[in-house]
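Trainee: Chain by chain, the residues run as shown.
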Amino acid sequence: MNSSNLINEGLALMGFGMGFVFVFLTLLVVMTTLMSRLVNRFLPEPVPVPAKPRAAAAPAAGAGDQEQLVAVISAAIRQYRSRHKQ
Amino acid sequence: MDKLINLFVSSGIYQIQWGQAVMIVVGLGLLFLAIKKNFEPLLLVPIGFGGILANIPEAGLAFSAVENALHLGKPELIAQIGQALGIDSVDPKVIKQAYASASHSAHNAAAAVAMDGGFNNGMLYNFYLVAIASGAAPLIIFMGVGAMTDFGPLLANPKTLFLGAAAQFGIFATVLGAVGLTALGLMEFSIQDAAAIGIIGGADGPTAIYVASLLAPQLLGAIAVSAYSYMALVPMIQPPIMRALTTPEERKLAMTQLRPVSKTEKIMFPLVLLILVAMLLPDAAPLLGMFCFGNLMRECGVVERLSDTAQNALINIVTIFLGLSVGSKLSADKFLDINTLGILGLGIIAFGIGTACGVLMAKLMNKFSSTPINPLIGSAGVSAVPMAARVSNKIGLEANPQNFLLMHAMGPNVAGVIGSAVAAGVMIKFVG
Numbered sequence: 001m002n003s004s005n006l007i008n009e010g011l012a013l014m015g016f017g018m019g020f021v022f023v024f025l026t027l028l029v030v031m032t033t034l035m036s037r038l039v040n041r042f043l044p045e046p047v048p049v050p051a052k053p054r055a056a057a058a059p060a061a062g063a064g065d066q067e068q069l070v071a072v073i074s075a076a077i078r079q080y081r082s083r084h085k086q
Numbered sequence: 001m002d003k004l005i006n007l008f009v010s011s012g013i014y015q016i017q018w019g020q021a022v023m024i025v026v027g028l029g030l031l032f033l034a035i036k037k038n039f040e041p042l043l044l045v046p047i048g049f050g051g052i053l054a055n056i057p058e059a060g061l062a063f064s065a066v067e068n069a070l071h072l073g074k075p076e077l078i079a080q081i082g083q084a085l086g087i088d089s090v091d092p093k094v095i096k097q098a099y100a101s102a103s104h105s106a107h108n109a110a111a112a113v114a115m116d117g118g119f120n121n122g123m124l125y126n127f128y129l130v131a132i133a134s135g136a137a138p139l140i141i142f143m144g145v146g147a148m149t150d151f152g153p154l155l156a157n158p159k160t161l162f163l164g165a166a167a168q169f170g171i172f173a174t175v176l177g178a179v180g181l182t183a184l185g186l187m188e189f190s191i192q193d194a195a196a197i198g199i200i201g202g203a204d205g206p207t208a209i210y211v212a213s214l215l216a217p218q219l220l221g222a223i224a225v226s227a228y229s230y231m232a233l234v235p236m237i238q239p240p241i242m243r244a245l246t247t248p249e250e251r252k253l254a255m256t257q258l259r260p261v262s263k264t265e266k267i268m269f270p271l272v273l274l275i276l277v278a279m280l281l282p283d284a285a286p287l288l289g290m291f292c293f294g295n296l297m298r299e300c301g302v303v304e305r306l307s308d309t310a311q312n313a314l315i316n317i318v319t320i321f322l323g324l325s326v327g328s329k330l331s332a333d334k335f336l337d338i339n340t341l342g343i344l345g346l347g348i349i350a351f352g353i354g355t356a357c358g359v360l361m362a363k364l365m366n367k368f369s370s371t372p373i374n375p376l377i378g379s380a381g382v383s384a385v386p387m388a389a390r391v392s393n394k395i396g397l398e399a400n401p402q403n404f405l406l407m408h409a410m411g412p413n414v415a416g417v418i419g420s421a422v423a424a425g426v427m428i429k430f431v432g
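Note that the protein sequences, when read in sequence, are chains A and B. Just so you know, we're using my numbering here: the first sequence kicks off at 1 and counts up by one. Just so you know, we're using my numbering here: the second sequence kicks off at 1 and counts up by one.
For the record, the hints were derived by calculation from the structure and aren't laboratory data.
If you want the ones that stay clear, here's a sample from chain B, every Cβ over 10 angstroms from chain A, calculated:
no., residue
1, Met1
2, Ser10
3, Lys36
4, Ala100
5, Ala102
6, Leu233
7, Met255
8, Gly301
9, Leu360
Computed list of chain B residues with no C-beta within reach of chain A, every gap over 12 angstroms:
no., residue
10, Ala21
11, Leu129
12, Thr256
13, Pro386
Partial chain A-side listing against chain B, Cβ under 7 angstroms, derived:
no., residue
14, Ser3
15, Ile7
16, Gly10
Computed from a prediction, not measured in an experiment: that's the story for all the values here. Don't be surprised by glycine CBs; every beta carbon is placed ideally from N, CA and C.
So here's chain B without its partners, still in its complex pose (with noise of 0.2 angstroms):
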């Protein structure tokens, strides 16, 4: 009888907490949310998962050595944790508060002792420390970006690069609505939290994650998440307000047909985007360096095999990884907070004004511009490619059947790419 008194004792049915619960529920919502409806499948199935395998109670899959020991281990060893820590204290909370601030030699000395304790950083604690701690993912996944874009129709029209430009003002509009929201005494963000918060409206899946990993880690589930879901909804944030601001005769505007563009120009301008993030902005060279690099490996034609695995192999395998260690950061504790409403709500904000800041700029852009530039393509701005470029093309064939706007809003697509890593660039300068 002890025995199986045992046994439930070490269940998950009485160990689970309320937290851990809702957050699986989440996560069961979120491959709901993949599987049946499509949201983003690639990345929603293992960051849901990964939320799951997260809140398993009592496995501690998403916590490091040191809290597993302070979750599960002896009294005495509780003690030495906080004596690595230079803490007097034997509360667990207390020594978690003072671990999460330590600095990185007490850390590590906290870890040794956890580890000398028999405990173990768990599955998704460790993939969270190669994939993203260590910001390898988001950049290989930039990379393979790289290597499937095609500059072509930015290069035939470099101008599209200030639509790409104007859709940025989404990510430091928010920015600012996170700051109001502190200065209400709504929510606590601070400006690293809110610049974190702000890069969501460039719709850019892997910015989003690098840019949060430096500057906010703690928010980086919620911040994740509402990137890729808000990602997974441009076909249906964008059309209302694309609507609202362009009238009928500027949704039937028909644009000049592209020149064709040299192989010579298109290895050129990774070269020549690589020279000018030297020159001007080497914090965003991470990301934009391995863009061009990935671009480069496709354009130059003679590593087809190397640009071959970047774009499939390696970016399906880097984006499993990717999507389990978010997946980690959805643990209870860490994720059930009014904060991340917030952040769910700056995210839609950011992202609608960003749409509507890139149709206005293409509104002004065709008063002065010699050939004429259908607003349309302006909410293309913002990154989410292939996605946006499609609902442009989507919205100007509903007022004319005939236009076809695809290739001129991969334009801006593409320079939504370039403006928001250069964004990203600007924020980790700033308040990194």
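Just chain A, with the same shape it has in the complex (with noise of 0.2 angstroms):
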């Protein structure tokens, strides 16, 4: 193949592919953020205000509370285990 040829078709390559990459990153940034901005405004995340009160009150339980813990849970077992016999 000519070589000049050659040269140009890379040459071409290189704009055409380094500006379709950057349009394309361009958009996806102002989608991005318009995304995002949609679903701060609609959809707002009600999560992480009740998981802090949740995550102190686990360790501050007593000794008492565990062993209460640990009873109703086994009765529960057992009351299903009862209910669901083959």
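If you follow the hints, you should be able to join the two separate chains into one complex; please do so.
Mentor: Given below as structure tokens:
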């Protein structure tokens, strides 16, 4: 193949390619920003608020609470097993 | 005595050619790098081992039925294959060339003749057909990468997508380098070859293999080996370039904390990306489609099992076959070539230019942006997830021990994955 022809092809590919990559990612930036704004306005996240008190409560539970918890859970398991006998 | 001589004649010691011996040493070298130096061991172990298997003399594991028949078959069979390909010659070399450039139907006819003659595809050749020639393995790996990727840092700071774009300049500069070498008469690359070599600069193994399998299958072995070796070398190639292009003050720059990103945003992002790909660049749809699918499985939270399979079991299985298939392309007649040296050289240049452009783009953005941008995160725009981001973090910590850049660098890092897939789509569109 003609060598200057090949170089031209390479240059064209470079110009086109870089141009396209930038256009594509610019559009992606615009659309992502837009999407984030819409989501945060219309579907705000309710999760982080209730997460905190629960995390704080767990380590505060004393030994007595633990025993009570174990008793409640084992009672529940017993009940479940007796209902689901095969 | 005759039997003993027969046994010796059919042994590897008698049959081995120097090229095969060299390639077995290359395969052992890759195993050494993987096992002892920990260079991308997950890929270089299968690739190195596959390379050794492919070069076992007389076993023909990496060859198709026709190539095996031409090598070992009787003259009548070889002549028949020649007829099936529509040529009169009985010279195996001429027939091999005709086979390589034959139409699909002639290809199948020749294969049928060879199989009737009792020859079969080698094991590695079958792996190659299923894993790479079909395009399946790189795409499944891309799905797994999608399932492993957290777009949170990118969503918190979408501007970093520009860094991922800038780093792709390495890809296109290398294309120019490859056609330049051809124009100077040093090597011989077509524009398709040049495009496939350039993708090494994207520092993204599956993308490089996918593009090479479409545009330049004969260079696949060299391209894959060079892509994965340089990915392993990221911690050595990038830091000098990053230090040279930034001042100590710039490296100390602290960035503002990223905002928290909601789950809904994370679910929406792969869909937004998919729609953009569908509208603008359908040629990148196989790569980015699988990537978005993997990421959606991860983020939607209702298909934990599928997401878990995609990012663990499945990606591991596919990696084994992908590695062995790439190894099959390390057979001596395809790899020992001056062009391979060119590919290795161009690959490292591609990497360097990509890194430099990312850093320079980050400096430019820092000038205009309202929030500070540390130029070090620019180098993470070459994909190599998460290695490039870790390098940015490390260099940042050297300059300022309180400055953790890892999360900031993950943004450009995953942007680099998207950027190189887009660049791959452009290549396939224009020269495919």
